[in-house]
Amino acid sequence: MTLSSSPHTPTLDAVVAAHAALRARRPLVQALTNAVSTNFVANVLLSAGAAPAMVDNPEEAALFAGVADAVLINLGTPTAAQVESMRLAAAAAQKAGKPWVLDPIAAGGLPWRGAVAAELLQFKPAIVRGNASEIIGLAGLGGGGRGVDSSADPAAAVPAAVDLLAHAAAVSASGPVDHAVGFVGGRPMLVRIGGGSVYLTRVTATGCALGALSAAYASVAPDALTGLVAAHAHFAVAAELAEANAKGPGSFAVAFVDALDAVDEAELRERAKIEPAVAVG
Amino acid sequence: MTLSSSPHTPTLDAVVAAHAALRARRPLVQALTNAVSTNFVANVLLSAGAAPAMVDNPEEAALFAGVADAVLINLGTPTAAQVESMRLAAAAAQKAGKPWVLDPIAAGGLPWRGAVAAELLQFKPAIVRGNASEIIGLAGLGGGGRGVDSSADPAAAVPAAVDLLAHAAAVSASGPVDHAVGFVGGRPMLVRIGGGSVYLTRVTATGCALGALSAAYASVAPDALTGLVAAHAHFAVAAELAEANAKGPGSFAVAFVDALDAVDEAELRERAKIEPAVAVG
Amino acid sequence: MTLSSSPHTPTLDAVVAAHAALRARRPLVQALTNAVSTNFVANVLLSAGAAPAMVDNPEEAALFAGVADAVLINLGTPTAAQVESMRLAAAAAQKAGKPWVLDPIAAGGLPWRGAVAAELLQFKPAIVRGNASEIIGLAGLGGGGRGVDSSADPAAAVPAAVDLLAHAAAVSASGPVDHAVGFVGGRPMLVRIGGGSVYLTRVTATGCALGALSAAYASVAPDALTGLVAAHAHFAVAAELAEANAKGPGSFAVAFVDALDAVDEAELRERAKIEPAVAVG
Chain A
291 MTLSSSPHTP TLDAVVAAHA ALRARRPLVQ ALTNAVSTNF VANVLLSAGA
341 APAMVDNPEE AALFAGVADA VLINLGTPTA AQVESMRLAA AAAQKAGKPW
391 VLDPIAAGGL PWRGAVAAEL LQFKPAIVRG NASEIIGLAG LGGGGRGVDS
441 SADPAAAVPA AVDLLAHAAA VSASGPVDHA VGFVGGRPML VRIGGGSVYL
491 TRVTATGCAL GALSAAYASV APDALTGLVA AHAHFAVAAE LAEANAKGPG
541 SFAVAFVDAL DAVDEAELRE RAKIEPAVAV G
Chain B
291 MTLSSSPHTP TLDAVVAAHA ALRARRPLVQ ALTNAVSTNF VANVLLSAGA
341 APAMVDNPEE AALFAGVADA VLINLGTPTA AQVESMRLAA AAAQKAGKPW
391 VLDPIAAGGL PWRGAVAAEL LQFKPAIVRG NASEIIGLAG LGGGGRGVDS
441 SADPAAAVPA AVDLLAHAAA VSASGPVDHA VGFVGGRPML VRIGGGSVYL
491 TRVTATGCAL GALSAAYASV APDALTGLVA AHAHFAVAAE LAEANAKGPG
541 SFAVAFVDAL DAVDEAELRE RAKIEPAVAV G
Chain C
291 MTLSSSPHTP TLDAVVAAHA ALRARRPLVQ ALTNAVSTNF VANVLLSAGA
341 APAMVDNPEE AALFAGVADA VLINLGTPTA AQVESMRLAA AAAQKAGKPW
391 VLDPIAAGGL PWRGAVAAEL LQFKPAIVRG NASEIIGLAG LGGGGRGVDS
441 SADPAAAVPA AVDLLAHAAA VSASGPVDHA VGFVGGRPML VRIGGGSVYL
491 TRVTATGCAL GALSAAYASV APDALTGLVA AHAHFAVAAE LAEANAKGPG
541 SFAVAFVDAL DAVDEAELRE RAKIEPAVAV G
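Protein sequences appear in the order of chains A, B and C.
Note that the working numbering has the first sequence beginning at 291, numbered continuously upward.
Note that the working numbering has the second sequence beginning at 291, numbered continuously upward.
Note that the working numbering has the third sequence beginning at 291, numbered continuously upward.
Keep in mind the hints are simulated off the structure, nothing from the lab.
Note that beta-carbon positions come from the ideal geometry of N, C-alpha and C, so glycine has one too.
Among the clues, some could well be false.
To be verified - Among chain A residues calculated to face chain B with C-beta under 7 Å, some are:
(1) His298
(2) Arg315
(3) Val326
(4) Thr494
(5) Asn535
Said to hold, decoys possible - Just a sample of chain C residues kept apart from chain A, beta carbon distances all over 12 Å, derived:
(6) Val357
(7) Arg492
(8) Lys537
(9) Ala543
(10) Lys563
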């Protein structure tokens, strides 16, 4: 996975193909993630069609990044040892040409982890995924100058996301409509993905799980932007299916894991809301 | 939140008002909690109407306590680094006037964490919450002389809970009928809260989640005792609703998270079992 | 729990008796387990009829092993501090005559934890439980010479499991049909347990939970092999019941926790698939 431009814009056909590749290849995702999300991230990966492994100690993190198909690094609850593991895993993934995803939780608001996030960007993640304020906050750390913005509107994060394309092949800001950017044919392009469910904001670690699924897709898609859009689309369709069976946040979470498994080509073609790519930046 | 006496005894009207304040203000709760409970605590807070953040490393714990509305410190699975974070967060919360809750799991039975708990009491928690033997055990550490008692009857823990009012504004012992104590009009008073479900003892981390919800309520209620009683009442009503939809401990846990969201003023007024306060100690 | 031979082969009657003992005695299981599994392991133990405690710091691990009825040591996500705790807990359990279970996740494939696993075998676990390749990998570490095999067929792991009887009283490899070995009347014997559900491979930490349940049963059964077979049978019957109520991996996990509680003597007698023991090795 390099920062090179994608030859094509992500389309529904490309997403369907990535989904088929995920199910056929069952990529192994090494997740260095926060304490809140470990179980949910693992179950989301298993249900969607990937295999999880939470190897996050400094003794094994680099070795395992060479074995895994993709790596997730999530800054939710970093410890000193886990941060050392993150450095090692990101460096090993870069060296081995494995895609890795950075989920920069609260990096813009907490200086210690902000410095960690800025350092990790040097290892060139395939994807950066966060909510709007996290993407804006991370870009601000890099000298982009936009600083921290508490806005929850992903549209407001698009300029920051484009700035982050200096470090990552594709960047997304999650929200009511997800916004993903990447280079296509040498130009920065934006793809918006609709759908989903308001319950995604009422269950913890859903964003973390989307980051993990993005890593899985990045390892089977032809380019990072297509993988990222496919992960968002699979997630949003599953959330829409789950909401129909939910009585509240607890039953939504259960139905969502069921739905990630149930989403197939037909569901994607019927329900995925992927807008045509438009030039930005 | 100070140790000063509450002006009024907690009533159903006061609990309903605290619930409305929780939903309106959506307080941010920093949870330094055990490894078993992180995901469940976060989902309980989200569903009940608060916002969770599990910032528990020494580099960020104090800074975040100044940002959060309340702090939970739970001694279930302490590590050396987490204990250092607990000291920093408790001190920062005290300094910033933010309410914090101590959940002293097994502090009376394990000397290492017992010493940690005794030290943390110096930072004046708004609330101490535990089961009966934990409250008795913690009071024993403080020289109250009652020592450890394996009794599961919260009534037996009331004298120990009153002893702990030397350190905390309000103290509760969970059980079939929850017992909460605090100063009202300068006198120690007891409020008993009934309801709940036997399934609460068959699902892990329910007590931890109640501690976290108590922290959330402490930040929006007029005093710690009212907040504590409101948390117990919200919890008990949700458990009663959930039990009606449960086939076992697994489906109870899911229905309980749904029910925490569903509990509104009407449910509280119909189902909450809050006895009038009585003088104790 | 010693390495001495069992006097009888495990039968359905013996499993039913062990189940009754589990429910009557509610053993306390200390679980030093991976970050992904903590919550699920605790809920499985609670629902099946045991009591969990996740004490895994070096300051308390040995002390608590003397208090607990059994100990689980799971190598899924080891940290340096947790590994130190594992050494202390295993040594304390051996000294106190408490059964302990080793779950050697990935020990055959990752040298650092492989060395930890080999060292822990010196403290004589009552039970080693893993999937087929983990059992083969662990035996290979001990110089058994069979090395790592990626086969998922538990039958292929039987020779390795027999090799491990030099260290443990009973050893099992999980799979579509579980294979458990131990000495009976001085001879190594194999017991196969059928049933279960394919969903067990689609939910994270099910194997970890089976290891924990094996520890619980080892503390109430007359010998380690009987306890191990009882745990596998209870697990498989619950999984079969759960699959009938599952719409996908998410609802299976919930129904499975319900079913672990619901499994009683009648369900065991109707559904458990325990083959007669046969000599091996």
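Hint-by-hint comparison with the structure:
1. His298: Violated. Min distance 39 Å.
2. Arg315: Constraint on Arg315 (chain A) not satisfied, violated at 29 Å.
3. Val326: It holds, given that the least Cβ distance between Val326 (chain A) and chain B is near 5 Å, below 7 Å.
4. Thr494: At about 4 Å, which falls below the 7 Å cut-off, the nearest Cβ of chain B leaves the hint on Thr494 (chain A) intact, so it holds.
5. Asn535: 12 Å, violated
6. Val357: 25 Å, holds
7. Arg492: Check fails; 5 Å does not lie beyond 12 Å.
8. Lys537: 5 Å, violated
9. Ala543: 7 Å, violated
10. Lys563: 25 Å, holds
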